[in-house]
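Fit chain B to the supplied structure of chain A, relying on the hints for placement.
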Amino acid sequence: SAVISQKPSRDICQRGTSLTIQCQVDSQVTMMFWYRQQPGQSLTLIATANQGSEATYESGFVIDKFPISRPNLTFSTLTVSNMSPEDSSIYLCSVGDNRDIIKAFFGQGTRLTVV
Amino acid sequence: RKEVEQDPGPFNVPEGATVAFNCTYSNSASQSFFWYRQDCRKEPKLLMSVYSSGNEDGRFTAQLNRASQYISLLIRDSKLSDSATYLCVVSLNTGNQFYFGTGTSLTVIP
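Chains A and B, in that order, are what the protein sequence lines are.
Residues in the first sequence are numbered consecutively from 709, following the working numbering.
Residues in the second sequence are numbered consecutively from 4, following the working numbering.
Chain A on its own, in the form it takes in the complex (with noise of 0.2 Å):
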């Protein structure tokens, strides 16, 4: 499987400031997903990272909120901006693996406190 690095592994920002998470992966991966999970919760997709287009959101996330970069196939960031305490949660970049049937596979995850 890919290995996934995420950083920063966590922060804690002030209201109002953005956050922007970085993800790399070792290869080429076509899948690459941004999720969310909040604490004792299970994970929510926010969007799928598309290579050289914009991101397609899910219901609920929008592109201002959540901007996503994706400029290759290595490498993907996730900017969560204008933050207040709601969006203190664990965001986590996924991959998708196709080389049998699709699987998921994560990065360590970015532990976010907005006070």
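Simulated from the structure, these hints should not be mistaken for laboratory data.
The reader is advised that the hints may include incorrect statements.
To be verified - Computed beta-carbon distance windows for the label pairs:
(1) B:D60 / A:D719: 31 to 41 Å
(2) B:R62 / A:Q722: 44 to 54 Å
(3) A:T725 / B:G61: 39 to 49 Å
Even glycine gets a Cβ: it sits at the ideal position worked out from N, Cα and C.
Below, chain B alone, put in the same frame as chain A:
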């Protein structure tokens, strides 16, 4: 209705016990099924895929019942290191739709 539903537990079992987790999914078009394990403050990691014929990996056995839209995970001879949250995951195989259950918490007690 949630796409994937699991009993959140917690399940507290003694070492050596057998424990079973269940999961149901709502979309009959689902194609792929998985169990993931998530340790505290860690990312989810793939435990095993679930096939229609059922599959076994050591102490872990996964079953899929498409007619009932039901998935199960059986852990035999529980170890302390099995303590984690187990996530049921379903995919439509359309490229980006992985649906996660809320997870079932397991604690194996010495």
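To see whether the hints hold, each was checked on the structure:
Checked against the hint of 31 to 41 Å, the pair D60 of chain B and D719 of chain A passes, with Cβ atoms roughly 37 Å apart. The hint said 44 to 54 Å for the Cβ distance between R62 of chain B and Q722 of chain A, and at roughly 47 Å that hint holds. Between T725 of chain A and G61 of chain B the CB atoms are about 47 Å apart, so this pair conforms to the stated range of 39 to 49 Å.
When each numbered hint is compared with the structure, no violation occurs for any of them.
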